[in-house]
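*Asks:* In terms of the working numbering, the sequence shown opens at residue 222 and continues consecutively.
Hints may be right or wrong, so weigh each one.
Stated by the list, open to error - Cβ pair distances, simulated, as ranges:
1. R224 / D248: 41 to 49 Å
2. E251 / Q231: 25 to 33 Å
3. P280 / K233: 28 to 36 Å
4. S252 / P280: 30 to 38 Å
5. A229 / E251: 26 to 34 Å
6. P227 / F253: 26 to 34 Å
7. K249 / L273: 13 to 21 Å
8. E282 / I226: 20 to 28 Å
9. K271 / M228: 28 to 36 Å
10. K223 / A264: 33 to 41 Å
11. M228 / F268: 28 to 36 Å
12. Y276 / N239: 21 to 29 Å
13. F277 / I226: 24 to 32 Å
Simulated from the structure, these hints should not be mistaken for laboratory data. All of these numbers come straight from a predicted model, not from anything done at the bench. Every residue gets a Cβ at the ideal spot worked out from N, C-alpha and C, and that includes glycine.
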Amino acid sequence: MKRVIPMARQKKDAKILNIRLATPVSDKLESFCKESGQTKTVAVERFLTKCLDEYFAIPKERRSIN
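I would like the entire structure built from these sequences, with the hints used as guidance.
*Replies:* The structure is reproduced here in structure tokens:
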């Protein structure tokens, strides 16, 4: 009988981001993660990707942050 050695997951290319969130925002994020079963990292990556994709889809001369 051969012994199966689990393969380690390859680390993704990433940078560490430390931020301070307002308590109400942090509480909403916690609730969202509990309901959706996502980690905070996955949830924030998905939110940022969606927001930044929408921002960069606008022509540069029309971009603004409200």
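*Asks:* Compare the structure with each hint and give your call.
*Replies:* Comparing the hints with the structure gives:
Take R224 and D248: their Cβ atoms lie about 46 Å apart, and the range 41 to 49 Å holds. Between E251 and Q231 the beta carbon distance is about 29 Å. The supplied range of 25 to 33 Å therefore holds. For the pair P280 and K233, the beta carbons lie near 31 Å from each other, so the given range of 28 to 36 Å is met. For the hinted restraint 30 to 38 Å between S252 and P280, the CB-CB distance of approximately 36 Å keeps it satisfied.
Taking 26 to 34 Å as the suggested C-beta distance range, the pair A229 and E251 conforms, at roughly 29 Å. Judged by the Cβ atoms, the range 26 to 34 Å given for P227 and F253 holds: they are separated by roughly 31 Å. Hint check: K249 to L273, Cβ distance near 20 Å, so the stated range 13 to 21 Å holds. In this structure the supplied range 20 to 28 Å is violated for E282 paired with I226, their Cβ-Cβ distance being about 56 Å.
At roughly 31 Å, the beta carbons of K271 and M228 sit within the given window of 28 to 36 Å. Restraint check, K223 to A264: a C-beta distance of roughly 39 Å satisfies the suggested window 33 to 41 Å. Between M228 and F268 the beta carbon distance is about 30 Å. The supplied range of 28 to 36 Å therefore holds. The beta-carbon spacing between Y276 and N239, approximately 23 Å, falls within the hinted interval of 21 to 29 Å.
In this structure the hint that F277 and I226 lie 24 to 32 Å apart at CB is violated, the actual value being about 43 Å.
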